[in-house]
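> Those protein sequences? They're chains A and B, same order as listed. If you're matching positions, the first sequence starts at 1151 in the working numbering and goes up one per residue. If you're matching positions, the second sequence starts at 16 in the working numbering and goes up one per residue.
Worth flagging that the hints you see were computed from the coordinates, not collected in a lab. Everything numeric in this text was worked out from a predicted model, so none of it was measured. Glycine is no exception: its CB is placed at the ideal position from the N, C-alpha and C atoms. You may find that some hints are simply not true.
Derived list of chain B stretches under chain A, where covered just means 3 residues or more per stretch with a C-beta under 8 Å from a C-beta of chain A [unchecked claim]:
#1 175-182
#2 203-217
#3 239-246
As a plain string of letters, each chain reads:
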Amino acid sequence: MDFQPVSFELIRSIPLFADLSIQHQKVIAEMSSIRPFQENEEIFHEGDTSDCLYLMLDGRVALEIHIPNRGRSRILTVEPQEMLGWSGITDVVPRRTLTARGVCDGRLLCIDAPKLIKACEQDHDLGFVVMHHVANVIAGRLMATRMQLLDMFSDPSSEARHG
Amino acid sequence: MTALAAVRTSAAVNDGGLLKPSWAEVVKIQPEAEGIATYWLRFQDSNLSKAYRFLPGQFNMLYMPGYGEAAISISSDPEQRDVIGHTVRFVGNVTRAINRLKIGDVVGIRGPFGTHWPVENLEGKDLIIAVGGIGIPPLRPAIYHILRNRAKFGKITLLYGARTPSDLLFSSELDEWRKSDIDIQITVDRADSNWQGQVGVVPTLFYKFRLDPTRTAVLTCGPEIMIRFVVFEALARRVPTNQIYVSMERNMKCGQGSCGHCQIGPYFVCKDGPVFPFSAVEPYFNVEDF
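Make the full structure from the sequences, and use the hints.
Right, here's the structure in full:
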């Protein structure tokens, strides 16, 4: 994999970082790199250590889980400007629980997770903004997961309006 | 005009057909997905066929002798007068009997019933149409109306979710709709690695674009749990409650607000709905078993 350096201008242009100070944007730029990926390329695998927090710049990434005897099931896709691999900055989930695979060619912003955690611990203003964004991502994923668990499009039992 | 008045049907349509079924012949059956097909019906009475009118979002009661009636939304173009399309999911006694119909068989029709998507009052607005599963057929007539009057509307976004890629309905039409400047975002709950599209649920599609709440209306239909979260996302973006329109599903029997099977608070879904402004049903929305 070929990581590329990140410019401060790129970080400034990302809406997710708009509420960071210029100083904090520079901190993020210094600990980040660009990780290009290709269609069908595995970006990380279930069980890998979580050493990066990703932000999608362009393309589409699928999150998959392998189910024995059923193969790979695609449970979520991540689109540009969305976060990926939030487990990288949590203590509770230290390893990847899903496999991330490129659906098409694209690029990810890869933020070094240990460096980010350290920077957040040293500067709580930065820490609050980062954790606020991560909390929003987790809340959205939790809501989506609940709805998927409900299997809401499965056959209803009654003869209510069906069409 | 209040939002509730806007959805109420003003045109008198087929007044004689509300109590007594009129017979219609199956002229075409279009399989849409596993367990779902569109039945194209033509009234045997040619005068009725010419006179019959409906508005986007209304439904008919389809009558199968020996089995009973089922409320089925009309999924065809309101301007297409000779045949009427009903997209049916086969899940109950009546709809399973409909599944056994062949071309040339007859079915009884009562209707049209209910309120409609107030498309005529939404001109000039940006529209977000959020649908899931069998929720897209009730909105297809509204989409046809919008396509025919595309210049009168602002940005149109269709958020469409299904269980799996093979459950997506009207796939052959989606490209045509895109060509008419409708932004279509499709997502499925689950997929294998062959699916190149999005995986996730309809409400999260709201995360992917910005809207102007002062000029946006939301029209939504699908499983009630999906509607609840679509409304939640719309409200989070400050879309006014009277600019969010929901199509509710209840067990509809009489179609005229007499039997009470489909009551929600003070409303009968068959008569006062199925299309409601959210402002009207909001007090009952999170009440269990309503």
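> All hints are to be evaluated individually against the structure, with a verdict given for each.
Hint-by-hint comparison with the structure:
Coverage of the segment 175-182 of chain B by chain A holds [criterion: at least 3 residues with CB-CB distance below 8 Å; count 4]. Given as covered by chain A, the segment 203-217 of chain B passes the check, having 12 residues with a CB less than 8 Å from a CB of that chain where 3 are the minimum. Chain A is given as covering the segment 239-246 of chain B, and this holds because 3 residues of the stretch bring a CB closer than 8 Å to a CB of that chain, at least three being needed.
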